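Protein chains: 2
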Amino acid sequence: MRRLAVAVRQPPGPRTDTTGWKVKDMRTAIIGCGTVGSSWALVFSRAGHDVAIYDKSALAAEDTLRYVKANQPEAAGRVSITLDLEKALASADYVQESAPERLPIKRELYATMDGLIGEKTIIGSSTSGIPSSSFTEKLACRDRCLVVHPINPPHLIPLVELVPAPWTSPDTLRHVKDLMESLGQQPITLSREINGFVVNRLQSALLGEAFRLVEDGICLPGDIDKAVADGLGLRWSFMGPFETIDLNAANGISEYCANLGPMYFGLAKEQADPREWGPELVAGIEKKMRAALPASDLAKRRDWRDRFLEAIVKAKNSIRRDVGA
Amino acid sequence: MRRLAVAVRQPPGPRTDTTGWKVKDMRTAIIGCGTVGSSWALVFSRAGHDVAIYDKSALAAEDTLRYVKANQPEAAGRVSITLDLEKALASADYVQESAPERLPIKRELYATMDGLIGEKTIIGSSTSGIPSSSFTEKLACRDRCLVVHPINPPHLIPLVELVPAPWTSPDTLRHVKDLMESLGQQPITLSREINGFVVNRLQSALLGEAFRLVEDGICLPGDIDKAVADGLGLRWSFMGPFETIDLNAANGISEYCANLGPMYFGLAKEQADPREWGPELVAGIEKKMRAALPASDLAKRRDWRDRFLEAIVKAKNSIRRDVGA
Chain L
3 MRRLAVAVRQ PPGPRTDTTG WKVKDMRTAI IGCGTVGSSW ALVFSRAGHD
53 VAIYDKSALA AEDTLRYVKA NQPEAAGRVS ITLDLEKALA SADYVQESAP
103 ERLPIKRELY ATMDGLIGEK TIIGSSTSGI PSSSFTEKLA CRDRCLVVHP
153 INPPHLIPLV ELVPAPWTSP DTLRHVKDLM ESLGQQPITL SREINGFVVN
203 RLQSALLGEA FRLVEDGICL PGDIDKAVAD GLGLRWSFMG PFETIDLNAA
253 NGISEYCANL GPMYFGLAKE QADPREWGPE LVAGIEKKMR AALPASDLAK
303 RRDWRDRFLE AIVKAKNSIR RDVGA
Chain G
3 MRRLAVAVRQ PPGPRTDTTG WKVKDMRTAI IGCGTVGSSW ALVFSRAGHD
53 VAIYDKSALA AEDTLRYVKA NQPEAAGRVS ITLDLEKALA SADYVQESAP
103 ERLPIKRELY ATMDGLIGEK TIIGSSTSGI PSSSFTEKLA CRDRCLVVHP
153 INPPHLIPLV ELVPAPWTSP DTLRHVKDLM ESLGQQPITL SREINGFVVN
203 RLQSALLGEA FRLVEDGICL PGDIDKAVAD GLGLRWSFMG PFETIDLNAA
253 NGISEYCANL GPMYFGLAKE QADPREWGPE LVAGIEKKMR AALPASDLAK
303 RRDWRDRFLE AIVKAKNSIR RDVGA
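Residue numbers (the working numbering), protein chains in the order written: chain L, 3 to 327; chain G, 3 to 327.
Hints listed in this document are in silico derivations from the structure and should not be mistaken for laboratory results. Fair warning: this is a prediction, and the values are worked out from it, not measured in the lab. You may find that some hints are simply not true.
Identical copies go unnamed one by one, so any copy, or any two together, can satisfy a pair.
Calculated pairs, EDC-like style, for lysine to aspartate or glutamate (alpha carbon to alpha carbon, straight line, at most 20 angstroms) [stated by the list, open to error]:
id	residue 1	residue 2
1	K271	E217
2	K302	E257
3	K290	E257
4	K108	D86
5	K122	E76
6	K302	D324
7	K289	E257
8	K26	D180
9	K271	D218
10	K122	D27
11	K89	E121
Construct all of the structure, not just a fragment, from the sequences and the given hints.
Written out as structure tokens, the structure is:
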């Protein structure tokens, strides 16, 4: 792998003092009211925090408020709409930026926010792929900025990736980790910025092989989906890949690797041909997906997905109480 | 990827006639009574089929019978132990071979079975990694042999991979697919033999990236496990990777690939360095896994895994009834 040439160095000048930062009864701000921002508004408000929601579009902000009301009516009283960015940020302890995924937008927004936030305010970006170093370098508040990347929707899926820029302060990381845990999320902390972070890199590896198997005519896209949904994914819904193999040899992961490492290395060599997902391949898969689910049913299927996800997360939490975590 | 040079050709001479092969009230035989064989005995017997279980070790066969009794007492009456391979095979319509994963053992066993089975009997091998062409080529019954690879344990995890040898007849494939579906399993059919089949290739891709991220110091093994168990795996427990991305763009998978294909291709290039899981890396991970779970607790944790898996599969089936499949 080409290692990223990101220098890990301390920021110039004194670091902001975030002593006294607390994760109780906070004033939070959601900047950007799309799908992700709406779910974040629910996460913060249901945990008892005040939430100021801001979007350039009043309609989007109203949609977010409606979303919170529909999902958790008793939390909606803590959510207030503001169309004034300055007002949204004025007293915020924590800001979850969920603006569109375009670098110029983030750059402009952060430059503006830099002049408006308090001196202890922390800003987490929901970006799924833009390292925060690319839009925070010049800011006075840069040591209080980092990526706080959820899997959509965060009110159902607890995993959150915390990705520091080279200048993100250790205090900032620690505070946000505490905050996320207090919200019931499951934060993981990356040591440094890396393309795709962790979640999309794992997904990339699986998708790459999925497209490869279909392109090579080994099986159909629906078979791959079955292999995961009726097979591998059942274990992965409560055990990660390391724990899975750790339990798959009498004496744990070392024994597993001694037995099967060479086999996996052989497979890895066969899988080391990065391929573009070409137009023909994608069109073929699209055709099969649309035969199984017409485009007109996509929205309905998304509702199904959300209901299924909500039910499976609820079931899992209940099983954890019965069987242990 | 180096494509496998497996010629797909018809077997010499006339194909066995499997007309009239049926998937109801069958006589089945389980050859090899380890963990996988025991779970298969449960799968066949609970579906109403007679099951003859055979193992060189009487103790192993008795363990299997006890296992069925403990899990599904009413099915145990259909399971009989025999220590005589000829008797076990004499009237079997279908044989699930679950012998140890060593080629010489499989070769000898199949050569013996070839002379003992009926002319319509089909043999599925539970092998997770040995292509059946390597132990069935010389057999009279070779067009009725194939890999029927479960994810352990098959009585909880429905996915089964059907992998034909070049000489496996289409009828055989079709019959076994029907049989597996009638048992409540979810069979997928590979077009040809390939190293690792589909399931282990997908797992290999994910594991390869997991080890890479830990080796590069991006995060800890426990973080990877969280990223999957509290993140990606929640969706993958009921939707495969293709359906997941199909629903993640307004107009489906083509749009998703147009937007994110280049990003994934970039990641794929970074992930195209196959790495051996070296002793230092494995020892480091082992140390962290043992700090979280002492070796003395591995067996107890395996019980936890099985209870969790059983509960999550039950919950999922119930959700499917409520929300739709």
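Each hint, compared with the structure:
no.: 1; hint: K271 to E217; in the structure: both (18 angstroms within a copy, 18 angstroms between copies)
no.: 2; hint: K302 to E257; in the structure: between (46 angstroms within a copy, 18 angstroms between copies)
no.: 3; hint: K290 to E257; in the structure: between (41 angstroms within a copy, 15 angstroms between copies)
no.: 4; hint: K108 to D86; in the structure: within (17 angstroms within a copy, 73 angstroms between copies)
no.: 5; hint: K122 to E76; in the structure: neither (29 angstroms within a copy, 66 angstroms between copies)
no.: 6; hint: K302 to D324; in the structure: between (33 angstroms within a copy, 15 angstroms between copies)
no.: 7; hint: K289 to E257; in the structure: between (44 angstroms within a copy, 13 angstroms between copies)
no.: 8; hint: K26 to D180; in the structure: within (10 angstroms within a copy, 58 angstroms between copies)
no.: 9; hint: K271 to D218; in the structure: both (16 angstroms within a copy, 19 angstroms between copies)
no.: 10; hint: K122 to D27; in the structure: within (15 angstroms within a copy, 72 angstroms between copies)
no.: 11; hint: K89 to E121; in the structure: within (15 angstroms within a copy, 82 angstroms between copies)
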